[in-house]
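A.B. asks: Chains as they are written, first to last, in this note's numbering: chain A, 18 to 112; chain B, 131 to 609.
I should point out that these hints are in silico values taken from the structure, not numbers from a laboratory.
Any given hint could turn out to be false.
As the list claims (entries may be wrong) - Computed list of lysine-lysine pairs in BS3-like fashion (alpha-carbon distance at most 30 Å, straight line):
(1) 569/B x 609/B
(2) 469/B x 208/B
(3) 368/B x 73/A
(4) 73/A x 301/B
(5) 252/B x 569/B
(6) 145/B x 73/A
(7) 301/B x 390/B
(8) 390/B x 368/B
(9) 73/A x 144/B
(10) 224/B x 208/B
(11) 469/B x 224/B
(12) 145/B x 469/B
Residues per chain are reported as follows:
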Amino acid sequence: MGQSQENNTSGNDTFPPLANLQRLAISESGFVFDPVSGHNFTVNETGLFILRLLQKNNRLEPLLDRLTTEYDSPRRELERDVLEFAGLLRDYVGE
Amino acid sequence: MSTKDNNNASEPKKKPWVKPSITPLRSGFLNKSGAARHMIWRDNIDGVPVSKLLEDFKSPLFVVSEHTLRQNSKRLRKAFSTRYPDIMFGWSYKTNYLSAVCNVLHQEGDLAEVVSQFEYEKARGLGVPGNCILFNGPNKTRAILERAVNEGAHIHIDHLDELYLLEDVAKNLGKVVDVAIRLNFDTGYTEQWSRFGFNVESGHAIDAAWRIAASDNLNLVGLHAHIGTFIMEPLAYKAQVKIMNNFMNEVETKTGCVIKYIDIGGGFASMNSLQGIYLPPEQVVPSIEQYAEAICDTLLELTHERETRECRRPTLILETGRAVVDDAEVLITSVVANKHLPDGRRAVVLDAGVNHLFTAFWYNHDVVPTRHLSGRPEETVLYGPLCMNIDVMRNSVMLPPVNVGDTLIFSPVGAYNNTQWLQFIEYRPNVVMVQENGKVSLIREAENLEIVTQQERLPEHLKNPYPKGTPRNFLTTPK
Ligand SMILES: Cc1ncc(COP(=O)(O)O)c(C=O)c1O
Numbered sequence: 018m019g020q021s022q023e024n025n026t027s028g029n030d031t032f033p034p035l036a037n038l039q040r041l042a043i044s045e046s047g048f049v050f051d052p053v054s055g056h057n058f059t060v061n062e063t064g065l066f067i068l069r070l071l072q073k074n075n076r077l078e079p080l081l082d083r084l085t086t087e088y089d090s091p092r093r094e095l096e097r098d099v100l101e102f103a104g105l106l107r108d109y110v111g112e
Numbered sequence: 131m132s133t134k135d136n137n138n139a140s141e142p143k144k145k146p147w148v149k150p151s152i153t154p155l156r157s158g159f160l161n162k163s164g165a166a167r168h169m170i171w172r173d174n175i176d177g178v179p180v181s182k183l184l185e186d187f188k189s190p191l192f193v194v195s196e197h198t199l200r201q202n203s204k205r206l207r208k209a210f211s212t213r214y215p216d217i218m219f220g221w222s223y224k225t226n227y228l229s230a231v232c233n234v235l236h237q238e239g240d241l242a243e244v245v246s247q248f249e250y251e252k253a254r255g256l257g258v259p260g261n262c263i264l265f266n267g268p269n270k271t272r273a274i275l276e277r278a279v280n281e282g283a284h285i286h287i288d289h290l291d292e293l294y295l296l297e298d299v300a301k302n303l304g305k306v307v308d309v310a311i312r313l314n315f316d317t318g319y320t321e322q323w324s325r326f327g328f329n330v331e332s333g334h335a336i337d338a339a340w341r342i343a344a345s346d347n348l349n350l351v352g353l354h355a356h357i358g359t360f361i362m363e364p365l366a367y368k369a370q371v372k373i374m375n376n377f378m379n380e381v382e383t384k385t386g387c388v389i390k391y392i393d394i395g396g397g398f399a400s401m402n403s404l405q406g407i408y409l410p411p412e413q414v415v416p417s418i419e420q421y422a423e424a425i426c427d428t429l430l431e432l433t434h435e436r437e438t439r440e441c442r443r444p445t446l447i448l449e450t451g452r453a454v455v456d457d458a459e460v461l462i463t464s465v466v467a468n469k470h471l472p473d474g475r476r477a478v479v480l481d482a483g484v485n486h487l488f489t490a491f492w493y494n495h496d497v498v499p500t501r502h503l504s505g506r507p508e509e510t511v512l513y514g515p516l517c518m519n520i521d522v523m524r525n526s527v528m529l530p531p532v533n534v535g536d537t538l539i540f541s542p543v544g545a546y547n548n549t550q551w552l553q554f555i556e557y558r559p560n561v562v563m564v565q566e567n568g569k570v571s572l573i574r575e576a577e578n579l580e581i582v583t584q585q586e587r588l589p590e591h592l593k594n595p596y597p598k599g600t601p602r603n604f605l606t607t608p609k
């Protein structure tokens, strides 16, 4: 675990590479612009919260730790929804 | 006020979790009409909480509103009886023949409109006398015709073979039977249902009338036609009434019969969205009063001269189906799973599919959640539980993220579902009726293994699936 912490430019494979996440322009209202692909997205409030966290650290466990303190929902449920969200992120900003 | 909350200040209140979503904005993709959809939800049926209904009767669940059903029937009756002096209604069994639904409508004064031996027997079984039955359909056997003649049902002859068969039946029973013939013709508005009845333009209809006039055992007293279903143009009915009135005058003059009733069938559209029609039903579906006006004004005017001849105006019979029952029933279904399709669309798997909601093949039903859903509406596909590609409940609906266990209400579903549904892969669910006093009664019990298999018979040599012992356990390596 300690090992990969240093190595989190790619983190694990759950989320897109950190660099991809960090290049996204994210507005307060949830509009997301990817300057490389030129694509626009909207995220809901939760999506916005997660994207902001992911721009700092794109690893799953710390994200879930944070979400469990923030949201009123069991960890496995959060994980399930985050994994699905991650799948979309990989599709949209993965390459 | 907030002091109570502050007592728990040591543990700050956590936010409710809403599934995260990300939606690509493609040009031409922004869906304005869907924007407000997530604002609407419905948590009760006629005052009975959806949660209570599901607790008592499980999901999925069909719920009929007795109140709406009676109101629809009363409104239809009023719209027509205030515009034409002599009106009757026949409840189109095929549209929804759940016994409770039929008897609500019989109590409102409807005759039974049946199209098969089964529907005939069902009406009789409910206590409807033969002379309150309108008997349509192209497949009437000798046996059921004999019963219908004996019981005084109103038989609407569909084709020449039926005419000869019925004549024979009447002769054998030593009776003279009052009959109607079904007509088909071109109104100029709808696709012709020319496979049913006798064609007017080609002269087949007048031939049939002549043949009946020549019979010692048949007596032509009625004309029937049903020009189609979900007809959104009231002028189509105006044209229908004109053609039927002209034909009435023609047969009476030529054959000397007296036509006592004109039955114009059903076909009024309900407040539902046909696939391929993009305007909301509120904008394209005429009101019952608009249909009534087109039909009654025309018939009243055309039959005026009959009164001057001291000849009775014909009774006008309607067999309105979907417009009466469609919005009196909803389907409550639960979310089983969330998915994302490879193309990025959100998909939701529901516990009710096209096996239950057969009309999902041609309608875009209205879908609302049963609680306020926060989150941004996204384009979502709603699938049923069948492992078949065709099992699509809604191809595209704007819906905020939903959770497993959330419930959605599909409406209107009262027409042609509880009759055309299939026992396919799943058991068919309970159907309940919310009574006008707020009580809920089970009106059709969900199927179970016993019910579904009770008609099957296993030949003796097939009683055992593995008479020579079970196949090997394929998880172990064979020796
Ligand atoms: C003879 C006849 N009458 C009445 C109906 C009821 O039609 P709707 O539900 O369109 O009013 C039908 C439907 O097909 C029909 O065939």
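A.B. asks: To test your reading of the hints: which numbers does this structure violate?
C.D. replies: 1, 2, 3, 4 and 11
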